[in-house]
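Keeping their order, the protein sequence lines are chains A, B, C, D and E.
Each residue of the first sequence is one higher than the last, beginning at 1 in the working numbering.
Each residue of the second sequence is one higher than the last, beginning at 1 in the working numbering.
Each residue of the third sequence is one higher than the last, beginning at 1 in the working numbering.
Each residue of the fourth sequence is one higher than the last, beginning at 1 in the working numbering.
Each residue of the fifth sequence is one higher than the last, beginning at 1 in the working numbering.
Think of the hints as simulated: they come from the structure by calculation, not from any bench.
Note that CB positions come from ideal geometry on N, CA and C, so glycine has one too.
Any given hint might turn out to be false.
Ranges of calculated distance between the beta carbons of each label pair, as one might list FRET restraints [said to hold, decoys possible]:
| # | chain 1 | residue 1 | chain 2 | residue 2 | range |
| --- | --- | --- | --- | --- | --- |
| 1 | E | TRP126 | B | PHE8 | 22 to 32 Å |
| 2 | B | LEU31 | C | THR2 | 57 to 67 Å |
| 3 | E | PRO26 | B | GLN42 | 16 to 26 Å |
| 4 | E | PHE45 | A | GLU100 | 25 to 35 Å |
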Amino acid sequence: MKKRHQRLFLVLGTLAGVSVATALVLNAFRDNMTFFITPSEVQAKSEVPDRHFRIGGLVEEGSVERADDSTKVSFRVTDTESSVPVTFEGILPDLFSEGEGVVVEGEISPEGVFQADNVMARHDADYMPTAAKEAIEQAEGSAEAIGDY
Amino acid sequence: MWDGIGDFLAMGGYALYVWGAFGMVALGLLLEGILVARRRRQVRARLQRQSRRPAAARNQGE
Amino acid sequence: MTLEAERLACRRGELHLFEGVGFALAAGELLFVRGRNGSGKTTLLRTLCGLSEPARGQVRWLGQDIRRLDERAQRQMLYLGHQDAVKDELTPLENLQVHQGLRGERSTLDERLDALEQAGLGGCEEIPARYLSQGQRRRTALARLLISPAALWVLDEPLTALDRRAVAWLFGRIAEHLRRGGLVVTTSHQSIDGLPEPRILELD
Amino acid sequence: MVRPLWTLLQRDISLIVTRRQDVLTVVAFFVIVITLFPLAIGPEPEKLRTIAPGAVWVAAALASLISLDRLFADDWRDGTLEQLALAPQPLALTALAKVLAHWLSLGLPLVILSPALGYALGLQGIELAVLAGSLLLGTPVLSLLGAVGAAMTLGVRGGGALMALLILPLYVPVLILGAGAVNEAMFAAPYQAHLSLLGALLAVALPLLPLAIAGALRITLD
Amino acid sequence: MTGRSIPWLKFTAPANFYTLAQRLVPWLWPAAALCAVAGLYMGFFVAPPDHQQGDAYRILFIHVPTAWMGMLLYLLLAAYGAIFLVWRIKMADIMARAIAPTGALMTFLSLWTGALWGAPTWGTFWVWDARLTSTLILLFLFLGYMALHAASDDREKGGRAASLLAIIGAVNVPIIYFSVEWWYNLHQGVSVMRSDGPSMADSMLAALLLMIAAFWIYAGAIVLRRAQAEALSREARTEWAQAAAAGRLTREQRERAAVGIEGNRPPLESGGQT
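The following block holds chain A by itself, in its conformation from the complex (with noise of 0.2 Å):
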């Protein structure tokens, strides 16, 4: 075999393999796999699954409850449309607040409320004074797009 022939085999078969992790690839993201589902679809699912998943939204403003003598707290995750009660026992993170991100993992139990044992706050990627924020927010309306998770 020449090493012209060497390197013609090469090429192609390089060609081949990342065609074919192409088309993998690409077939994988067709299937809609996410890292989250919202509480619209919590509430759509007729069936709701018997495993650990997560739920991403917005704290619902004013569902805050702390319990007096324990870490206990509960409150209801929202997507605008539709909200699901969670409850949760442990430190929050600093960042969770009413009406910020957040990402709650968890099963459901049969009531429907949502059983956390890990609630992940995401905070935006804007960094502004306190001042200026406040004046965007009252600017913009407080309603932030779920859209930018």
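Got chain A sorted already, so can you dock chains B, C, D and E onto it with the hints?
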């Protein structure tokens, strides 16, 4: 912006985190600087020793 | 059919071994590389067959750069190094067969048995190599020379562990190869009386 | 050109199989690492089920690593590697044949055994199939990556530990996707995407990594 | 080896590099210090606290530069590795080897500062998300490069093997990033290099950019210094290196070294010709 040195050092209650981060960076860069300077000195000293005794230096490499 | 080396310089780690080595070896010629321990004989031989890359210079075999030989030119060259490349688990016969298979060479069972017989391994063709002596393992490796169609042999210290009879046999074999127009590059610490008149390359 | 590779494949497999203890050691290692998990974590079925995909995959990665350590070592010591480098066929193909032989004799047994171990950890039905399937796609990539490390660390001080440092980080994507596929299957979620991506890794690794192995071998032999 | 005669390649001669670095570095230190002082002043005394994170966000001024430097240095390492593998230019290996420790340090510092920033804001020092995981792997790759380079007895061989590893790692890190991204995702989005412009107050951005500049210049200076030491030690037996060590490298010596006439070491007589 800060009410005195104490307020500055307190960093709005995040002193441990902020100063821990900046301190480690300063320490790391300082240490790296010292190590590189030392290595440079050592190499130069070795080469100067060698050039004084060229015959011994030959074939010795490092 | 020539092996050419042009202004070769080689180094081993930080050590500069030699530089400016050049020669052209034609068909039917034997090159004997001589030098004290550590003068770079093995490195030179490995460079000549393309295993090591020279710091400077070039080796050409059949007009091609030794590091980029095509399949045909590669098959025309046989290298035997310090290590025998003999597998403990396999018998001499299997070793020979595998070695030929790896190089894409063909031979019949009779030819292989004959080669082993000539190399002085008659009777132990079917014994796993781990039971053989050092000399017998060396002979197993050398048996390749009998059935390989390669024109150029690069033999690094081929006499190691061989007894006098085996040495005589090998010398005869080399002489015959040269008569047929083959090329041999070799090195040894032992006496080479009995070989055809070699060209000598001194490394010091 | 096919014949030399076929010869090499046969030789390597027969060498590995003759030294039966190699296969046994690797398989035993795989099984023992997996049995350590229930012993360390406790026999709660629910907990075991949760960690099952990760446990099997970690055990497979470690088993692959320790068995690859010696992929080229014997050939290098007795001089066969020089002969392979000087053989007429490209060294990359030779390397591929050796990795294939290694995987067939030491990787495939793990794949075949994995459903049984998965079952012991509480996986069921389709999950077992996905586990075996993910290992089938993933372990060849592990073998190819490990072979690069084995070729790089030949004859280098502290070879084995160094190889783990070099290669384990590169195992990460395979591990994540492999264990991920089983995880998805465990929750009746679509797992095809993970398997597709594993397949994509294999498709890229198969033509490219043999070149890297050949490059590393040439550096070692130089 | 035909490449040796291309004129621009003479800049790859260690002797020329040494002199260039010798001239450059004395300017780099004060420049880095200046940027750092200005950046720290802006960051601590001009930039106001963040609306969400208060003063904790100030860690950003060192976290972002170190994280960038870590990645950038790894890309440089892989690029120099590739150059060394393909063209065998010794200087490329010297540079790659000089980059690795700084890269490892930067990557470590970005992990450290990130953890201390994550603790008050996310509520955890560490999460296994794509960026953190791939940065951790990056650190292992730097360490692996250094270990492999150091483990080989032959510096040239060690350099080539390590370069190969660096290149494979450069391909693998994005794959790791995406595989983890896919599997778990918590980290914030991109905040500086966004198509709609940086989403940051001006004073914060100014401080950040100054700090980034400071880290760039610092990394440049320290890498050049380390490469100088490495070049000297590798060429220990040459005339230029010994002159350079004594602090009196002449232009003539340098040019002679660049074209490959090495002084002080008489050519070994190879009896050579049959």
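Checked hints:
no.	hint	in the structure
1	E/TRP126 - B/PHE8: 22 to 32 Å	29 Å, holds
2	B/LEU31 - C/THR2: 57 to 67 Å	59 Å, holds
3	E/PRO26 - B/GLN42: 16 to 26 Å	21 Å, holds
4	E/PHE45 - A/GLU100: 25 to 35 Å	29 Å, holds
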